[in-house]
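**Q** Residue numbers (our numbering), protein chains in the order written: chain A, 1 to 426; chain B, 1 to 173.
In short, the hints are calculated from the structure, not lab data.
A portion of the hints provided could be inaccurate.
Simulated restraints on C-beta separations [unchecked claim]:
1. V20/B x W212/A: 39 to 45 Å
2. T7/B x V10/A: 28 to 34 Å
3. E90/A x Y144/B: 57 to 63 Å
Simulated coverage check for chain A against chain B, where a stretch passes if three residues somewhere in it have a Cβ under 8 Å from a Cβ of chain B [to be verified]:
4. 162-170
5. 293-303
Just so we're clear, the structure is a prediction, and the values are computed from it rather than from any experiment.
For each residue, glycine too, the CB sits at the ideal point set by N, CA and C.
Listed below are the residues making up each chain.
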Amino acid sequence: MEFLSNPIGVIRDWLAGLLSGFLPPDAVSLVLVILGALVVGALGLTTPLFLIWYERRLIGRMQDRVGPNRVGPEGLFQTVADALKLLSKEDITPIGADKIVYNLAPIMAVVSVLTMWAVIPLAVNIVGTDLNIGVLYIVSVGSLGTLAIMLGGWASNNKYALLGAFRTVAQLVCYEVPMILALIVPVLLASSVGVANPMSMQEVVAAQSGAWHEWFLFKAPIAFLIFFIASVAETGRAPFDLLEAESEIVAGFNIEYSGMKFGMFFVAEFLHAFTVGALVATLFLGGWSGPFVEQAPLLGVVYFILKAFAAYFLIILMRAALPRIRIDHMLDLNWKFLVPIMLAAIVAIAVTDKALPRATVGPLWNAVALFAANLVVAVIAVNWTSAAARQMRQADESRNPPGAAPAASADHGHDAPAPAASHAAH
Amino acid sequence: MTGLQITFLVVAAAILASAVLVVTARNLVHAALWLIATLFGMAILFVLLQAGFLAAVQVVVYIGAIAILIIFAIMLTRRVMQDTGPQTNSQWWLGGLLAAALLAAIAYTLFRVDQQGAFPLANVPIPDSSLAELGKALVSPDFYMIPLVVIGVLLAVGMVGSIAIARDEREKE
């Protein structure tokens with residue numbers, strides 16, 4: 001029974017007892033830490049085998065085709081076959097490439113994603129390490145992935161790869177701004193619920209485990225959406241796959257990579273997408289919390305995986321449904337739309353939470369007030385952008401009357417706050 | 001020697017080696033990469049001092065933002081692939097002099113601390129909530145609120161100024 005409620009703890013104690021027979025206590029804890037890191041790493045590296053199959057099948061379904069279904073039951077072993085194929089391919093290093101940097105980049109890409117899993121709690125007693133700065137750690141480790149893509153693009157000695165690297169900086173570094181701003185909100189809300197260390201991932205989850213209205217998804221839907229968009233942009237997948245846009249720059253930063261080095265970028269991308277799902281689940285959907293989780297902590301793993309896959313499903317849906325965003329739209333969407341809204345939302349959430357604190361109005365009404373505050377910000381933002389878009393379109397039409405030459409589209413994106421236009425248009 | 005000391009010595013040696021490589025590497029992007037290694041080593045030193053927050057901030061700000069901007073600037077402004085340059089300019093002796101003076105000052109201070117006990121180190125435990133205290137101190141009028149606001153204004157002025165400089169003349173109309 002003890003084992004069922006806390007399997008990792010039981011295994012750890014058993015191993016510690018076993019090792020302390022012939023090792024000093026410092027060495028025992030070192031061995032346990034290394035083993036823990038190996039387990040988290042191995043778990044993270046094997047998940048993409050399933051994730052890739054899942055995503056390919058799902059996208060196949062969404063695009064009205066079958067997807068991989070030949071190798072193994074329902075094509076489950078397709079990824080294994082693909083991995084074997086990648087391993088057996090020739091490992092090419094282009095002439096003029098910067099060898100060390102070229103080989104370092106794919107490793108860094110995987111490492112940056114894998115190390116995020118160190119702080120993501122799978123259950124109340126299953127977590128790599130519960131850092132008291134967990135949320136900040138996620139951001140800092142994530143920025144290393146950007147570096148890996150840049151270096152891969154630069155070191156390949158290929159102009160398309162370099163273009164991909166340039167786009168990486170423009171995109172990934174910009175989208176870090178709204179992402180960090182959105183991350184402030186769960187920390188702020190967790191702190192107002194009253195946990196001691198609001199930046200620790202474990203306590204962010206604990207702050208949401210009370211009832212359904214404690215989920216930060218309901219308290220801060222704007223922060224949820226913006227975090228979601230910004231982190232999908234940071235994974236560099238469709239609709240934000242400008243850095244490897246096949247139709248424009250062939251494959252962007254990874255054009256020269258072959259064999260398992262390409263495979264590592266591939267694994268890093270898929271794992272990053274799932275990690276975004278896991279982060280969304282942890283920060284906004286209550287992580288491992290759910291009914292009966294106090295009696296059976298292991299149930300938390302199931303809830304966590306369900307929530308993470310729900311968020312991952314949305315990411316795949318986005319990839320299948322939306323066309324690639326244009327580069328000027330991509331920058332405008334970030335700087336002129338996401339950042340101002342997120343700043344306004346932080347102010348609105350902080351003021352509302354202070355004006356109607358949980359202690360006086362109760363948790364439910366506090367949550368309702370926060371939701372209403374978010375709604376007000378969202379309504380103002382939508383009205384404001386659609387008005388701006390209308391104005392822009394009128395200015396456009398008065399300059400180039402409709403029916404005239406379609407030359408207007410060239411300079412349209414240049415001087416106009418385009419996200420407003422694209423949002424109103426769709 | 002404890003594990004902590006061994007870790008410190010290894011990390012310190014790595015920091016010094018990569019710092020030397022920053023200034024001696026011929027390739028500018030390589031120099032930037034060694035700079036990243038140096039900064040990462042500093043983050044590890046912060047972790048060893050139980051300042052996890054500072055370590056994370058070091059990685060976010062210096063590696064995630066500043067180093068990436070340096071690499072981007074090198075890629076954009078110079079010959080991108082095989083960019084090398086001279087490692088010294090006409091003021092190298094001034095820089096060397098300043099570095100030597102700084103080293104002498106640090107060595108003197110450490111000597112005084114170590115040998116003569118001039119600046120006794122207080123042996124106080126690190127509070128658990130040091131991060132929360134830091135956060136409160138940053139917004140408290142008694143401590144750092146005014147410096148924080150001044151820095152914010154300074155950064156805003158810098159941003160507006162750079163936009164004003166970079167703006168295309170034709171767009172002003």
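**Q** Are at least 3 residues of the stretch 162-170 of chain A within less than 8 Å of chain B when you compare beta carbons?
**A** Holds, because 4 residues of the stretch 162-170 of chain A bring their Cβ atoms closer than 8 Å to Cβ atoms of chain B.
**Q** Lying within 57 to 63 Å: is that true of the beta-carbon distance E90/A to Y144/B?
**A** Check passed, 58 Å falls within 57 to 63 Å.
**Q** How does the Cβ-Cβ distance of V20/B and W212/A compare with 39 to 45 Å: does it lie in that range?
**A** 58 Å, violated
**Q** Holds or violated: the stretch 293-303 of chain A covered by chain B, criterion of 3 or more residues with Cβ-Cβ distance under 8 Å?
**A** Contact hint for the stretch 293-303 of chain A vs chain B: violated, 0 residues under 8 Å.
**Q** When you take the CB atoms of T7/B and V10/A, is the distance between them in 28 to 34 Å?
**A** Holds: the Cβ-Cβ distance is about 30 Å, inside 28 to 34 Å.
The structure fails to meet hints 1, 5 from the earlier list, while all remaining hints are met.
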